[in-house]
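Could you put the whole structure together from the sequences, leaning on the hints where they help?
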Amino acid sequence: MANELKIRVNEQVRTVTAAPDTPLLYVLSNELNLQGPRFGCGLGQCGSCSVLVNGVEMRSCQTRVSAVEGKSVTTLEGLPAWYAAQKKLAQAPALHPMQQALIDEQAVQCGYCYNGMIVKASELLSKTPQPTEAQIRSAMNGHLCRCGTYPRILKAVQRASQMMKGVAK
Amino acid sequence: MSSRREFLKTGGALVIGFSLRDELLGQQRGTAPGPDLRQIDTWIAIHSDNTATVHIGFCELGQGASTALPQIAAEELDLDMSQVKTVGLDTNVTPNQGGTFSSASVARGGPQIRTAAAEARLALLQLASKRLDSPVDRLTVSKGIVSVRGIPNRSVTYGDLVGGNLFNVPFTGSAPVKPATEYKLVGTPVARRDMPAKVSGKHVYMQHVRVPGMMHARVVRPRGQGAYRDGAKVLNIDESSIRSIAGVRLVRRGDFIGIVAENEWDAVRAAQQLKVTWNLKPTLPGNDRLYDQMRAAETQDRVVLEKGDVAGAIGKAAHMVSLTGRGPYQAHALFGPSCAIADVKTDSALIACTTSDVYSTRTNLARLLEIPVEKVQVQYYEGAGTYGHSCYEDAAQAAAILSQAVGKPVRLQFMRWDEHGWDNYGPAHVGEVRAAADSDGRIVAYEYNGWQHNWAVVETSAQLAFGTQAAERDGGAAQQVSPLNLGSMYDVPNLKLVNHRVPGLGYLKGGWLRSPLDLSFSFASEQAIDELAYRVGMDPYAFRQRNIKDPRWLGVLDAVAKAANWTTRRAASNLSKAKVVTGRGIGVGTHLASYGAAVAEIEVDKETGRIRAKHMYGAIDAGLAVNPGNIENQISGQLVQTVSRMLKEEVTFNKTNVTSLDWNSYPILRFEECPEITPIVVQRLNERSTGAGEEVMAGAAAAIANAFFDATGVRMQEYPFTPSRVLAALKKNGG
Ligand code: FES
Ligand code: FES
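Residue numbers (this note's numbering), protein chains in the order written: chain B, 1 to 169; chain C, 1 to 735.
For the record, the hints were derived by calculation from the structure and aren't laboratory data.
Misleading hints may appear alongside valid ones.
[Stated by the list, open to error] Computed footprint of chain B on chain C; a stretch qualifies when at least three of its residues, placed anywhere within it, have a C-beta under 8 Å from a C-beta of chain B:
{"hint": "1", "segment": "207-213"}
{"hint": "2", "segment": "475-482"}
{"hint": "3", "segment": "661-671"}
[As the list claims (entries may be wrong)] Calculated from the model, a selection of chain C residues having no Cβ within reach of chain B, i.e. all distances over 12 Å:
{"hint": "4", "residue": "N168"}
{"hint": "5", "residue": "V234"}
{"hint": "6", "residue": "D255"}
{"hint": "7", "residue": "P285"}
{"hint": "8", "residue": "G312"}
{"hint": "9", "residue": "R442"}
{"hint": "10", "residue": "T468"}
{"hint": "11", "residue": "A542"}
{"hint": "12", "residue": "G713"}
Built from N, CA and C at the ideal position, the CB exists for glycine as well.
Below is the structure:
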């Protein structure tokens, strides 16, 4: 049965109507019309649906909506503000450095996997600001890309890491 | 025409398809004229703010067409990139340029857009000539401002000349186009225009489109297709199995089953929960017997190319090689499963989907729905990169069938197992090569025999719902032994290519998958060439140089060898007893008109059988490279996918059905496994642009196989090179 639930998404408390066992992904897409997290496999295998829950990357296709009550969900759309809060910036930038780095690297094919790639890389950079190549590869290994953009995404993570150096905290 | 104008004012379909729906269909439902290709207005519109909209009949599939084609238009019109917009593909709006496949968007679409833009520019100059009272040849244009040469303040903008009005000028194709030497935009790596929206979540993929009053749907099919001919037959449906989920509706048409619900999660779980008994026939060969059965089939044979006397030349040659190569079925397996929205009324229909060809999809849908084609409108939205004929049209048909049944707009999305399990797979292939060289290392004879079946015509939804008989496409390029990719790059006096068409209805559904069959072709063919070099005792690069005359083939070969710092030595001359050994390989190949060459550097763990691709180099000569940055991206994508396809990808199936239904059972290359990539674009300003989306894969596939030989001294006869297959090959050869 559908219930009213309150969840915190991108620092706003939102009331949604959903059966408690509904995967968070469907709530984000259909109730909140967010376009970042998107269906890829529904099996936890690809990373297309990734979001941050209390700063930790999770697969929203495998997370029941009721499980994030009382927690803070950040989607692709909320990453710039999340980054600003972490770095104690007065104002959120238009794009998270990882988003900007992808544009700078022109790491583009279809872009469908970017949501997961960006969310995962943001999590990595928040914990490990200067990751080695091996750390990047291992952190990103659960995120698939059918178009083969890995090499440029790797460069983008490195570039984002450079960009974040020296940003106040 | 006036409604098209109205439509353009809204800023184009990317705003979001269905907000336009009432505006557009409210007026046009029932008339829906197809755009007239012989009018400039069909291709280009100039707005009063001095910008232009280009109507492009190719879709953005992630390959950058939405950047490269406007780039061509901006060049001819002397506009800035920022002044040129495009609109989404729509059978009511955009011209029919044929489907977006065979790397056609720039190759085929470029010249059309270029000549249309040149003709529009000429028409604009003629108007300006009157307005400024100066002959056309004294006018010059920059950023859409026409001025009289030497008198910059005597000027007028395109916007002032026609803004908001139609040209009403026929498209004759006769206006002169700019010479390449004057290009300012074409040939430069203009940044991709879709990037900012794609990284921020603002880009509207098909999967994001929503319509008021829309229902969510899923299909219910057996997990994994069986033999194409058999489709799937329903024996029994237990409707009580989904009674616990309120508000879902079961739709059945023939053997087509779908679930429709207001709530997406309800549709998803009902589709999983519904108990259906299927009649599954054990008529497939299964992976074990696949190649033997194909090879033993009664085939339709055709000599594709023959010159000289192959048998005679082989008989006299100093060195002869014969080699068999086997390539599996491979899946498109797009990252986001296919999705479509259909709104089918009694006398008309609107379908939004990810088809690569809105026009042919419209024709098929009209037939299926029994609605006249001019009352069916098909719109394109970008989905995840498809790389060929995946389930996009199947999904469009499924949505349409369900919408027709429930009388409401329906959004249908495939589940992962639907997409993996009901794909039109790139067909399996068996190739047998014989090649011979004289003692000087000149190739004297080359023969290729290839076995595979053709592509499926009927989409699964139509087959299940209406019992449409399975049928295959007739012959044609990309479904048969390729005279472009086999042997013909070499200067060989005696050559024979024979195609053996296997009747395909008892196999899996086939379809075009990026660089169709080419990986399998070159896997066999370029290994045979490599082996000849080895027998002659030559370095594989030097051997190819000696046997290639065409400067463009030599150009890509040299470019890639140089990038990889290739040093001369015979293959397998550094064999070692170590557990982990390294090798390098080279290969050439193509899909259609362009030229490709690649070098692979790999590492083989002889104990685990694991291969790691360390570095891939790929060069393409695609004539005039309109946007070299785009092509570099294309080469990178092709190289990574080739590594994935050669090392990991194989559709698995038993006698009744496909069993590779997700990313665990159909693994693809992962981040940790990704090699370093070096893309090389060979720019040819004075050559016609040809495709750049597929043509380095063949050479790259061969380079990997040849690198394996260099590392181990063993020739692989079947790919993908999974650890178990590698270990078996090493064991068999005492490696
Ligand atoms: S969609 Fe959630 S991991 Fe693939
Ligand atoms: S860019 Fe297409 S899936 Fe990654």
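To see whether the hints hold, each was checked on the structure:
Under a criterion of three residues with beta carbons nearer than 8 Å to beta carbons of chain B, the stated coverage of the segment 207-213 of chain C is upheld, 3 such residues being counted. As drawn, the segment 475-482 of chain C meets chain B at 0 residues by the rule of a beta-carbon pair under 8 Å; below three, the given contact is violated. Counting residues of the segment 661-671 of chain C whose C-beta sits closer than 8 Å to any C-beta of chain B gives 7, which meets the bar of three, so the coverage hint holds. The Cβ of N168(C) lies farther than 12 Å from every Cβ of chain B, with a closest approach of about 38 Å, so its non-interface assignment holds.
With a cut of 12 Å on Cβ distances, V234(C) stays outside the contact zone with chain B, its closest approach being about 24 Å. For D255(C), the condition that its CB be more than 12 Å from all CB atoms of chain B holds, with the nearest at approximately 24 Å. Taking the minimum C-beta to C-beta distance to chain B, about 28 Å, the non-interface status of P285(C) holds against the 12 Å cut. Every beta carbon of chain B lies more than 12 Å from that of G312(C), the smallest distance being close to 45 Å; the non-interface claim holds.
Here R442(C) stays apart from chain B, with its beta-carbon at least about 37 Å from theirs, past the 12 Å limit. Chain B leaves T468(C) outside its interface by the beta-carbon criterion, the shortest separation being 29 Å against a cut-off of 12 Å. Chain B leaves A542(C) outside its interface by the beta-carbon criterion, the shortest separation being 30 Å against a cut-off of 12 Å. No Cβ of chain B approaches the Cβ of G713(C) within 12 Å, the least distance being about 30 Å, so the stated non-interface status holds.
Checked against the numbered hints given earlier, this structure breaks only hint 2.
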